[in-house]
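*Asks:* Spelled out, the chains give:
There are 2 protein chains.
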Amino acid sequence: MIDVDILDRNIERMASAVRTRGLTLRPHAKTHKIPEIAARQMAAGAAGLTVATIGEAEVFAAAGVDDLFIAYPLWLSPQKAQRLRRLSQRARIAVGVDSTEGATRLGTALGSAAGSVSVLVEVDSGHHRSGVHPEAVAPVARAAAQSGLGVAGIFTFPGHSYAPGMPAEAARQEQQALNQASEVLAAAGFESSRRSGGSTPTAMLTGGSAATEVRPGVYVFGDAQQLELGRCAAEDIALTVAATVVSHHATPADGPGRFIIDAGSKILGSDRPAWASGLGRLLDYPDARISALSEHHATVEWPEPGTLPAIGERLRVIPNHVCLAVNLVDDVAVVSGGALVDRWSVAARGKNK
Amino acid sequence: MIDVDILDRNIERMASAVRTRGLTLRPHAKTHKIPEIAARQMAAGAAGLTVATIGEAEVFAAAGVDDLFIAYPLWLSPQKAQRLRRLSQRARIAVGVDSTEGATRLGTALGSAAGSVSVLVEVDSGHHRSGVHPEAVAPVARAAAQSGLGVAGIFTFPGHSYAPGMPAEAARQEQQALNQASEVLAAAGFESSRRSGGSTPTAMLTGGSAATEVRPGVYVFGDAQQLELGRCAAEDIALTVAATVVSHHATPADGPGRFIIDAGSKILGSDRPAWASGLGRLLDYPDARISALSEHHATVEWPEPGTLPAIGERLRVIPNHVCLAVNLVDDVAVVSGGALVDRWSVAARGKNK
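Keeping their order, the protein sequence lines are chains U and V.
Heads up, our numbering is the position in the first sequence plus 2, with the first residue counted as 1.
Heads up, our numbering is the position in the second sequence plus 2, with the first residue counted as 1.
A few of these clues could be false.
[Claimed, not checked] Here are the simulated SDA-like pairs of lysine to any residue, each with C-alpha atoms no more than 20 Å apart in a straight line:
(1) U/Lys-82 / U/Ala-111
(2) U/Lys-355 / V/Glu-315
(3) V/Lys-82 / U/Arg-316
If you're looking for bench data, these hints aren't it; they were derived computationally from the structure.
Every value quoted in this text rests on a predicted model; they were computed, and no experiment measured them.
Working from the sequences, and respecting the hints, build out all of it.
*Replies:* Encoded structure:
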């Protein structure tokens, strides 16, 4: 269930903040996977979208988005190369690379279409997932150029910003890594006209001359992680899962209350970082916590034992990680002022390939 | 990717083991959500299927399964009541109840159709999720009977069997809870002709006179959880996720190796019990561990740094919890002897309602 008024406010606030700092906004569409939301982001001034897979790029290209960055070190099979060639005919396409093998394969598999796809070399700014050390970008850029691809610049994902107290430090490391990598590339003869950073926790902090664009995703909806990181407030939560109380635990009158709602890991997702206070939150009951999650049950710990919501009562649940929750449904209810105003298809759901 | 030969062996082995002990097998179909697998389970002697939601029941009833147990304390909206009435016209339907409120609502909402739906009272045998204490079953059964429902018996889910060393103890508690609850019901004038227990870890242990049927689900595929609990072996794993190595970490020659594959939480699910050694396993490399998972990246810790699989190499990943993985795809590749022989639709994917 998406509150479209909150959604629009979140989209406008991020667009405005990024514009003020002279950066380009390229929101990550893996969060929502919904063309109607992409259209709102583009209308608010986004330069294009970020996606994680060729399948997501196909959905958003078909919806009319003509500038897409697949921020992932793709390994191209012949089938994927064919799809990427087709994509490059209808949109401006950039792809991530982080190895000489991957860059060579990308250019070779694209063949004569390599010139119409550009690459950004992925830099590890401290998250230690994919990406090369800033000092190691030149060989990857050279391999890309030698196989016919255009080298547009660099990108990084400061995913280590997802921890309490980390956003500012991660943003600092991001800036440092982008600066260092662009200097190394410049020395090797490559201009980094695109220097892409950002995540929702750092997007408001990314800046200086290091980055030219940011790629936040979760900001459109917010979720329990962002709430607990202090990157959004309860009134910024645009997506919740409607659930019903189905069972009360027999608990002693003096202990904490506990009940079961019919929203489990198959609708909320089961991401739980070590620092999170639980597996999700209730929008209208900030002191309640989801302490356990199975596929169709969430166990809610309730602060006041005497006041458990009745069996049958409906509650609004905030998922821990909203990107996983959206990917579990075919469509979403769109509400405004509490009334259902539309349904949107999650058109890129399950587009992992 | 499902290996149909292993699948068939798993289905036959469980069917045979349950038959030998004189129990009824009612597999939980939430694991696979695939009619072709349900048909194989029924052909191997299952009495019917267990499901978690009305939506799953609708899919399997449409596929011809005529005996379904919705093992969940449903709270019926008018729309759900209508769907359940329709279901009860095409299949023998039982539903879980664990509160007087839920039981009364169920019977009232079904109206004149209440008599064609029976209920099993859910008993908490130690998992402390839904279900009432064995001593507290009588009021729930009475509320069901008073609202026109047939009371068929009791059920429990010994989910606390999902921990090392726990299956035997959980099976013992399950038996004790079923015995105790059926005695309490008998004293209240209700015969428990169906006493349903079982989970994959305990299904081979459930027995005695306590249970009449078991409801294992995961046994058809196995997964990394079952492997680490010792409830299946590597050669019993029937479902894997094909993934490609996309990135190598720069690691010191004397440290452990590390690389990234393109299978993340949007294809594997992100369940990780505290006792699990990681977020998934590699079928062909038993010493490797998935140490981190984001939406499209899995970080693999590799025991021997000098021998990392090449970028571009394909690997078979065992999800931690296979029920979540299947629910993330629209269809599955079916292989036999390494060759693709079919594709099956995950017809009940996303049927949460």
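*Asks:* Could you run down the list of hints and mark each one as holding or not?
*Replies:* Results for each hint:
1. U/Lys-82 / U/Ala-111: holds, 9 Å
2. U/Lys-355 / V/Glu-315: With a Cα-Cα distance of about 16 Å, the restraint between U/Lys-355 and V/Glu-315 holds, given a limit of 20 Å.
3. V/Lys-82 / U/Arg-316: holds, 15 Å
In the structure shown, no violation is registered for any of the earlier numbered hints.
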